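Just so you know, the protein sequences line up as chains L and Z, in that order. All residue numbers for the first sequence refer to my numbering, where the first residue is 1 and numbers rise by one. All residue numbers for the second sequence refer to my numbering, where the first residue is 1 and numbers rise by one.
Simulated from the structure, these hints should not be mistaken for laboratory data. This structure is a prediction, so every number in the text was calculated from the model and none was measured. Quick reminder that beta carbons are idealized off the backbone N, C-alpha and C, glycines included. You may find that some hints are simply not true.
To be verified - The following residues of chain L were derived to be distant from chain Z, with all beta-carbon distances above 12 Å: (1) 16; (2) 77; (3) 101; (4) 104; (5) 148; (6) 153; (7) 172; (8) 184; (9) 200; (10) 205.
Said to hold, decoys possible - SDA-like mimics (lysine to any residue), calculated; alpha carbons at most 20 Å apart, straight line: (11) 11(Z) with 77(Z); (12) 141(L) with 183(L); (13) 11(Z) with 47(Z); (14) 104(L) with 141(L); (15) 104(L) with 74(Z); (16) 41(Z) with 54(Z); (17) 141(L) with 168(L); (18) 11(Z) with 32(Z); (19) 104(L) with 77(Z); (20) 11(Z) with 110(L); (21) 61(Z) with 23(Z); (22) 141(L) with 184(L); (23) 41(Z) with 169(L); (24) 61(Z) with 108(L); (25) 20(Z) with 168(L); (26) 104(L) with 25(Z); (27) 104(L) with 58(Z); (28) 104(L) with 37(Z); (29) 11(Z) with 21(Z); (30) 41(Z) with 75(Z); (31) 104(L) with 14(Z); (32) 104(L) with 71(Z).
Unchecked claim - Which stretches of chain Z does chain L cover? Using the computed rule of at least three CB atoms under 8 Å from a CB of chain L, they are: (33) 17-30; (34) 52-66.
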Amino acid sequence: MSRIGVITFPGSLDDRDAARAVRLAGAEPVRLWHASDSLAGVDAVVLPGGFSYGDYLRAGALSSFAPIMTSLVDAANAGLPVLGICNGFQILCETHLLAGAMIKNTQLTFVCTDQVLRVENTCTAWTHQYSEGEQITVPLKNQDGQFIADESTLDELEGEGRVVFRYVGNPNGSRRDIAGITNARGNVVGLMPHPEHAVEPGFGPSTDGLRFFSSALTATLAGA
Amino acid sequence: MAHVVVEVMPKPEILDPQGKAVAGALPRLGFTGFTGVRQGKRFELEIDGPATDEALASARKVAEEVLSNPVIEDVVSVHWAEQAGTADPAEAR
Numbered sequence: 001m002s003r004i005g006v007i008t009f010p011g012s013l014d015d016r017d018a019a020r021a022v023r024l025a026g027a028e029p030v031r032l033w034h035a036s037d038s039l040a041g042v043d044a045v046v047l048p049g050g051f052s053y054g055d056y057l058r059a060g061a062l063s064s065f066a067p068i069m070t071s072l073v074d075a076a077n078a079g080l081p082v083l084g085i086c087n088g089f090q091i092l093c094e095t096h097l098l099a100g101a102m103i104k105n106t107q108l109t110f111v112c113t114d115q116v117l118r119v120e121n122t123c124t125a126w127t128h129q130y131s132e133g134e135q136i137t138v139p140l141k142n143q144d145g146q147f148i149a150d151e152s153t154l155d156e157l158e159g160e161g162r163v164v165f166r167y168v169g170n171p172n173g174s175r176r177d178i179a180g181i182t183n184a185r186g187n188v189v190g191l192m193p194h195p196e197h198a199v200e201p202g203f204g205p206s207t208d209g210l211r212f213f214s215s216a217l218t219a220t221l222a223g224a
Numbered sequence: 001m002a003h004v005v006v007e008v009m010p011k012p013e014i015l016d017p018q019g020k021a022v023a024g025a026l027p028r029l030g031f032t033g034f035t036g037v038r039q040g041k042r043f044e045l046e047i048d049g050p051a052t053d054e055a056l057a058s059a060r061k062v063a064e065e066v067l068s069n070p071v072i073e074d075v076v077s078v079h080w081a082e083q084a085g086t087a088d089p090a091e092a093r
């Protein structure tokens, strides 16, 4: 059985939901700890949402210096599938595994809504079970969710097909409606909305999020 | 005790939502004559030891690698302060 790690940082909120989503997708969740440098030999890693270190300094900044991140950056550069959700996306940007950064939502308020996304890239380890152009609905909940990067970086992301999700109805001022991106290799994906909260009938707006985790499952099997 | 002051600002080309909100509030409060506000961060680092060029260089490295994110922010100043809290003598007057 594939083992998918979920890292808990001080202030992570959604690590248990992420682990639950991994289990519902048919993989074994493995809880990982920020202060350890061990990835426990997992086949993929999820960085969950939350407010690690209370968003002090910058969202995700202090967690990006955690001991486990040194191991994770090396593993990601070697091809390990890594998914960053919300605060996890912010951490991946702070480590420069992903481009850009998140600043406060343009309206300065916390946004909590069921958000429609358009899937733009189905070649990543986390999205290959979606169809290109498919619209999915998952929760969005954050204060620092506005994705920004300079124009040349945005052009590069677009030109290389590295925009993975776009908002249908921009909720926070993100540049070019970008909700999620990937790295050049396609193994590292980050997005602000929360697929792990939409994996089970009766909980959340849909079960559209489950295929993130089942995509990773088949990606790790294919890679094994 | 020597202190280094580090000032970090959002890059000029990046819209600063917080500064914009403050700027929007000023006319409502009767403060006219301000056409814009940008909000940044100020850090005060207490140095373990004397105020050397090496200590200042080390603080500059911290400013660039930890205290700021080069994607969205610029380190606009790294300088010695007389005392924490009061910072520059000019500002303390």
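Here is what the structure says about each hint:
The non-interface label for residue 16(L) is consistent with chain Z: the shortest C-beta to C-beta separation is roughly 29 Å, beyond 12 Å. Non-interface call for residue 77(L) relative to chain Z: holds, since the shortest CB-CB distance, roughly 19 Å, exceeds 12 Å. The Cβ of residue 101(L) does not lie farther than 12 Å from every Cβ of chain Z; its closest approach is about 4 Å, which violates its non-interface assignment. At roughly 5 Å from the closest C-beta of chain Z, the C-beta of residue 104(L) falls inside 12 Å, breaking its exclusion from the interface.
Non-interface call for residue 148(L) relative to chain Z: violated, since the shortest CB-CB distance, roughly 6 Å, does not exceed 12 Å. Annotated as non-interface, residue 153(L) brings its C-beta within 12 Å of a C-beta of chain Z; the closest such distance is 8 Å. At the 12 Å boundary, the C-beta of residue 172(L) falls inside the reach of chain Z, the nearest C-beta of that chain being 10 Å off. Distance check on residue 184(L): its Cβ is at least 17 Å (rounded) from any Cβ of chain Z, clearing the 12 Å threshold; non-interface status holds.
For residue 200(L), the requirement that its beta carbon stay farther than 12 Å from each beta carbon of chain Z is met, with the minimum near 35 Å. With a minimum CB-CB distance of about 27 Å to chain Z, residue 205(L) clears the 12 Å threshold, and the non-interface call stands. A threshold of 20 Å between alpha carbons decides the hint, and for residue 11(Z) with residue 77(Z) the separation of about 13 Å falls inside it, so the pair holds. The suggested pairing of residue 141(L) with residue 183(L) is violated, with an alpha-carbon distance near 24 Å, which exceeds 20 Å.
The straight-line distance between the Cα atoms of residue 11(Z) and residue 47(Z) is roughly 28 Å, outside the 20 Å bound, and the hint therefore fails. Our distance criterion of 20 Å between C-alpha atoms is met by residue 104(L) and residue 141(L), whose separation comes to about 12 Å. For the hint pairing residue 104(L) with residue 74(Z), the CA-to-CA distance comes to about 17 Å; that is within 20 Å, so the pair holds. Taking the CA atoms of residue 41(Z) and residue 54(Z), the gap is near 23 Å; set against the 20 Å cutoff, the hint is violated.
Only pairs whose Cα atoms come within 20 Å are accepted, and residue 141(L) paired with residue 168(L) is accepted, the gap being roughly 16 Å. About 25 Å separates the Cα atoms of residue 11(Z) and residue 32(Z), which puts this hinted pair outside 20 Å; it is violated. At most 20 Å may separate the alpha-carbon atoms for a hinted pair to count; residue 104(L) and residue 77(Z) exceed this at roughly 23 Å. With a CA separation close to 23 Å, the supplied pair residue 11(Z) and residue 110(L) exceeds the 20 Å bound.
Taken as a hint, the residue 61(Z) and residue 23(Z) pair is broken in the structure, with Cα atoms around 32 Å apart against an allowance of 20 Å. A threshold of 20 Å between alpha carbons decides the hint, and for residue 141(L) with residue 184(L) the separation of about 27 Å lies outside it, so the pair is violated. Taking the CA atoms of residue 41(Z) and residue 169(L), the gap is about 32 Å. The hint is violated against a cut of 20 Å. About 31 Å separates the Cα atoms of residue 61(Z) and residue 108(L), which puts this hinted pair outside 20 Å; it is violated.
For the hint linking residue 20(Z) to residue 168(L), the alpha-carbon distance of about 26 Å lies beyond 20 Å, and the restraint is violated. For a cut-off of 20 Å, the pair hint linking residue 104(L) to residue 25(Z) stands: about 18 Å separates their Cα positions. Our distance criterion of 20 Å between C-alpha atoms is broken by residue 104(L) and residue 58(Z), whose separation comes to about 30 Å. For the proposed pair residue 104(L) and residue 37(Z), the alpha carbon gap of about 16 Å is at most 20 Å, so the pair holds.
The straight-line distance between the Cα atoms of residue 11(Z) and residue 21(Z) is roughly 17 Å, inside the 20 Å bound, and the hint therefore holds. Restraint check: the Cα-Cα separation between residue 41(Z) and residue 75(Z) comes to about 10 Å, which is no more than 20 Å; the hinted pair holds. For the hint linking residue 104(L) to residue 14(Z), the alpha-carbon distance of about 12 Å falls within 20 Å, and the restraint holds. Between residue 104(L) and residue 71(Z) the alpha-carbon distance is near 14 Å, which keeps this suggested pair within the 20 Å criterion.
Requiring three or more residues with a Cβ within less than 8 Å of a Cβ of chain L, the coverage given for the stretch 17-30 of chain Z holds, as 3 such residues are present. Coverage of a stretch by a chain is defined here by at least three residues with a beta carbon nearer than 8 Å to that chain's beta carbons; for the stretch 52-66 of chain Z and chain L the count is 1, and the condition is violated.
Of the numbered hints listed earlier, those contradicted by the structure are 3, 4, 5, 6, 7, 12, 13, 16, 18, 19, 20, 21, 22, 23, 24, 25, 27, 34.
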